[in-house]
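Trainee: Here are the chains, one letter per residue:
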Amino acid sequence: MVEPLPLGEFEHLVLLAVLRLDDGAYGVTIRRELAERAGREVAPGALYTTLDRLEDKGLVESRLGDPTAERGGRAKRYYSVTTNGFRAIAAAQRAVRNLMEGLNILGDAIA
Amino acid sequence: MPLPKYSFAEVFLSFFTSPGRAASIAGDLAEESQGRRFRFWRQVIGTAVSLGFRQLGTAPVQLLLLLLAGNIVIDWTPKLTLEGVRNAFANWSAHAVDPQALTLKQLLLTRVAGSLVAGLILAALSRGREVMVCTVVALSRPILFLVTWLWFSYPLTWTILMLNSVSPLLLISTAVCVRRLNLQDQIAEDARRRDSTPAS
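Protein sequence lines, in the order shown, are assigned to chains A and B. With the working numbering applied, the first sequence corresponds to residues 228 to 338, in that order. With the working numbering applied, the second sequence corresponds to residues 35 to 234, in that order.
Don't take each hint at face value.
To be verified - If we take Cβ atoms under 10 Å as the criterion, some of the chain A residues that face chain B in the derived model are:
#1 Phe237
#2 Gly254
#3 Val255
#4 Arg267
#5 Asp279
#6 Glu297
#7 Arg301
#8 Phe313
#9 Arg314
#10 Ala317
#11 Ala319
What the hints assert, rightly or not - Chain A stretches covered by chain B per the calculated footprint, using a threshold of three residues with CB under 8 Å from any CB of chain B:
#12 272 to 278
#13 302 to 309
Unchecked claim - Just some of the chain B residues that point at chain A, by a computed CB distance under 10 Å:
#14 Glu44
#15 Gly54
#16 Ser58
#17 Glu66
#18 Val78
Since the hints were made in silico from the structure, they are not lab data. Owing to the predicted nature of the structure, the values given are computational and were not obtained by experimental measurement. Ideal Cβ positions, reconstructed from N, Cα and C, are used throughout, including at glycine.
So that you can see chain A by itself, here it is in the shape it has in the complex:
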């Protein structure tokens, strides 16, 4: 099996946000999710470059929605996590879990 690509911290957060939003993941909702859940106020440019990079790596894919008047007649670009994206998230989570093992940072130790 191909080794999953290593993720940067922000890439990891963006992938998780896309995953949480399921079918409704596009620029605006991803930024909102990051602000609400991760406390990260992200500049739009940083988000779009990261999404581009993740798409180049094959970790997310995008499709166009229908144009709407509230967006000046422009379509939303929806993102979803690919199989490789899932693998990369799993690998990153495993690494964090292994490193957290025995540490009591969040209040209760992870066994």
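Following the hints, put chain B in place on chain A, whose structure we already have.
Mentor: Showing chain B alone in chain A's frame:
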């Protein structure tokens, strides 16, 4: 409530990413700004800068070519009679400041920054028509030189001839390479579009 179309923003963003992505990004920013124009334009400019730097980071050849083209443009502007154009580049160019007051590193930095900005402007203005625009720019110098030579009987030497023919050739080659890179981007984008399916 329908928001303004912000068509210029879409065109501006398409200099830094594919037209399809530029449209959806402009839509996102319009949706978020809810009619607040200042916020919208601040975010458009910030996004364009980020996308521009990403493009350069992922295409070092393109960066070198832009630097080369920009350097040639900066080199030429003082020689052209368009004072306005020259002054527009002045803030970025080492030509505009007193070279004696600058260290070599500062001189190099201003030169590289000026070249990059000039190259980006050139590529942005000529997107899709790089070869034509760069050929016109490239030919302007030898034509100007020939006119000056014929009009004022300027002494003609091989060195002058060489200097006036090498730069245009470099600029045209740059344009051809940038065109090829842009075409590759377009092909990749078309392939992505073919693979994607519309969603509600």
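Trainee: Evaluate each hint against the coordinates.
Mentor: Checked hints:
1. Phe237: violated, 13 Å
2. Gly254: holds, 4 Å
3. Val255: Holds. Min distance 5 Å.
4. Arg267: violated, 16 Å
5. Asp279: holds, 7 Å
6. Glu297: holds, 6 Å
7. Arg301: Given a least distance of 3 Å, the restraint on arginine 301 of chain A holds.
8. Phe313: violated, 19 Å
9. Arg314: Since chain B brings no Cβ nearer than about 20 Å to arginine 314 of chain A, farther than 10 Å, the hint is violated.
10. Ala317: Not OK, violated: alanine 317 of chain A not within 10 Å of chain B, min 24 Å.
11. Ala319: violated, 22 Å
12. 272 to 278: Result for this restraint: holds, n = 4.
13. 302 to 309: holds (count 4)
14. Glu44: holds, 8 Å
15. Gly54: holds, 7 Å
16. Ser58: holds, 4 Å
17. Glu66: Holds. Min distance 6 Å.
18. Val78: At about 9 Å, which falls below the 10 Å cut-off, the nearest Cβ of chain A leaves the hint on valine 78 of chain B intact, so it holds.
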